[in-house]
Amino acid sequence: MKKWLMLVVFSVLVFALVACSDDSGASGEDDTSTETETETDAGSDDGGEAEEAEPVELDMWVFGSTGYDKLIEEYQTENPHVTITLNEGEMADIHNNLFTSLSASSGAPDIAMIEVSEVARFLNASDSFHNLNDYGAGDVAGNFLDWKWQQAQSVDGSFQVGLPTDIGPTTMFYRTDVIEAAGLPTDPAELAAEIDTWDAYYEAAKTIKAETGKPIADAPELVFNAIRDQQPQQYFNEDDELIIEDTVKEAYDFTTMMIGEDLIGQNALWTPEWGSAMAEGTYATMPGAPGWMLGVVKGNAPDAGGNWSLTNIPEGAGNWGGSFLTVPAESEHPQAAYDFIAWLTAPEQQLKSFNDMGLFPSAPEVYESEEFLATTDEYFSGAPTAEILAEAAKSVVPVYMGVNYATVNAELTTALTNVAVEGADPQEEWDAAVERIEQQLERQ
Numbered sequence: 001m002k003k004w005l006m007l008v009v010f011s012v013l014v015f016a017l018v019a020c021s022d023d024s025g026a027s028g029e030d031d032t033s034t035e036t037e038t039e040t041d042a043g044s045d046d047g048g049e050a051e052e053a054e055p056v057e058l059d060m061w062v063f064g065s066t067g068y069d070k071l072i073e074e075y076q077t078e079n080p081h082v083t084i085t086l087n088e089g090e091m092a093d094i095h096n097n098l099f100t101s102l103s104a105s106s107g108a109p110d111i112a113m114i115e116v117s118e119v120a121r122f123l124n125a126s127d128s129f130h131n132l133n134d135y136g137a138g139d140v141a142g143n144f145l146d147w148k149w150q151q152a153q154s155v156d157g158s159f160q161v162g163l164p165t166d167i168g169p170t171t172m173f174y175r176t177d178v179i180e181a182a183g184l185p186t187d188p189a190e191l192a193a194e195i196d197t198w199d200a201y202y203e204a205a206k207t208i209k210a211e212t213g214k215p216i217a218d219a220p221e222l223v224f225n226a227i228r229d230q231q232p233q234q235y236f237n238e239d240d241e242l243i244i245e246d247t248v249k250e251a252y253d254f255t256t257m258m259i260g261e262d263l264i265g266q267n268a269l270w271t272p273e274w275g276s277a278m279a280e281g282t283y284a285t286m287p288g289a290p291g292w293m294l295g296v297v298k299g300n301a302p303d304a305g306g307n308w309s310l311t312n313i314p315e316g317a318g319n320w321g322g323s324f325l326t327v328p329a330e331s332e333h334p335q336a337a338y339d340f341i342a343w344l345t346a347p348e349q350q351l352k353s354f355n356d357m358g359l360f361p362s363a364p365e366v367y368e369s370e371e372f373l374a375t376t377d378e379y380f381s382g383a384p385t386a387e388i389l390a391e392a393a394k395s396v397v398p399v400y401m402g403v404n405y406a407t408v409n410a411e412l413t414t415a416l417t418n419v420a421v422e423g424a425d426p427q428e429e430w431d432a433a434v435e436r437i438e439q440q441l442e443r444q
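At position 322 of the sequence shown the residue is numbered 322 (the UniProt record's numbering), and the sequence of numbers has no breaks.
Keep in mind that the hints are not guaranteed to be accurate.
In silico DSSO-like links for lysine-lysine, alpha-carbon gap of 30 Å or less [claimed, not checked]:
#1 LYS249 <-> LYS148
#2 LYS70 <-> LYS249
#3 LYS249 <-> LYS214
These aren't lab readings, by the way, just hints derived from the structure by calculation. Bear in mind that the values here come from a model prediction, so they are computed numbers and not experimental data.
Produce the entire structure from the sequences given, and follow the hints as far as they go.
See below:
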């Protein structure tokens, strides 16, 4: 009996030791699993059997030719728990739909692109956006040009509504076949020397018309914009006073004078006719074209490679466009949205966007890249696109745009269109536009 009792006791002790050993092993496996899961959540690409991060779906609204679909695919490959739906539209539609959604507190996306001329208006509605400073924006501020960063920031710097994408230093795109037919040089440097002032541009326009029967430019708005964007002030001063008589009336008069002499066409920007004319080569130049227009031309005229090139604009560059990526307050995944746009606007991705679509970087680190400076584009006749745009960027002076910039611009565009399409009197159209502008500003 004693031997039997000792055997039972011994068996119990052995079972207890084995159980303790099993518990310890299980605990060790749990710890390892927890560490692996943490690494996965932090973005580890180990594979393994770790539990995946919680799936996140993000809706993104953009306008223009961004090429972001390629970068989204790359990001989703690196972050398989994130799904991003890209919705592309016209710039005005995107802004109007966003403003409507924010006003109704319903229907806004997780990520919204806002153009520089509209950012002040949306910054005034900052309650409708997540403050990107809360998610790490301060850590990436040094990636961007100071003036570009400040355009999407509150006066005291406490609120950052968006991360910068591109900027728009302006150049002059041109059809080499039309320029050659007119007897002008097709080499970018030689053409820039030939057309170095707006007076020289006017003289070239008369030559091109006489030799080819074609206008020097297609869209009146482009000529007006090109001269406007070279001005140190445009529609408003920093006290938000309307100053167009002193700043852009000369640009309007120059443009309408050329319209009157049949040296500029009639097509409005972003219309099918405007796009078709790029492909058909019915005009000679696109003055005031920023870097992001490289992608626009390729998209509208995919078979016209080698017939386009670009060079410096007469009398120095301005800046047209550029955007910001914001996270509306409705987003239920603000950190995931911020992480994506921080990646998308990092210097490495901005270089890819430039190479693919001509979006000129707002990250000055890119300007030092040998790869960037060596960039040429066979579509644009092998022109050194990066070098030309970088030179243009150096002469850009930031301009105060004001909350009501879009209102003024729309009315002046209407005036130009009426002169070009309907043969309206330029001064009467200007006066009518100013009256409409003042009435709208009084209602603000």
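Cross-check of the supplied hints:
Restraint check for LYS249 and LYS148: satisfied, since their Cα atoms lie roughly 27 Å apart, inside the 30 Å limit. Annotation: proposed proximity of LYS70 to LYS249 is violated, straight-line Cα distance about 42 Å (limit 30 Å). At roughly 26 Å between alpha-carbon atoms, LYS249 and LYS214 fall within 30 Å of each other, so this suggested pair holds.
When the structure is compared with the earlier hints, a violation turns up for hint 2 alone.
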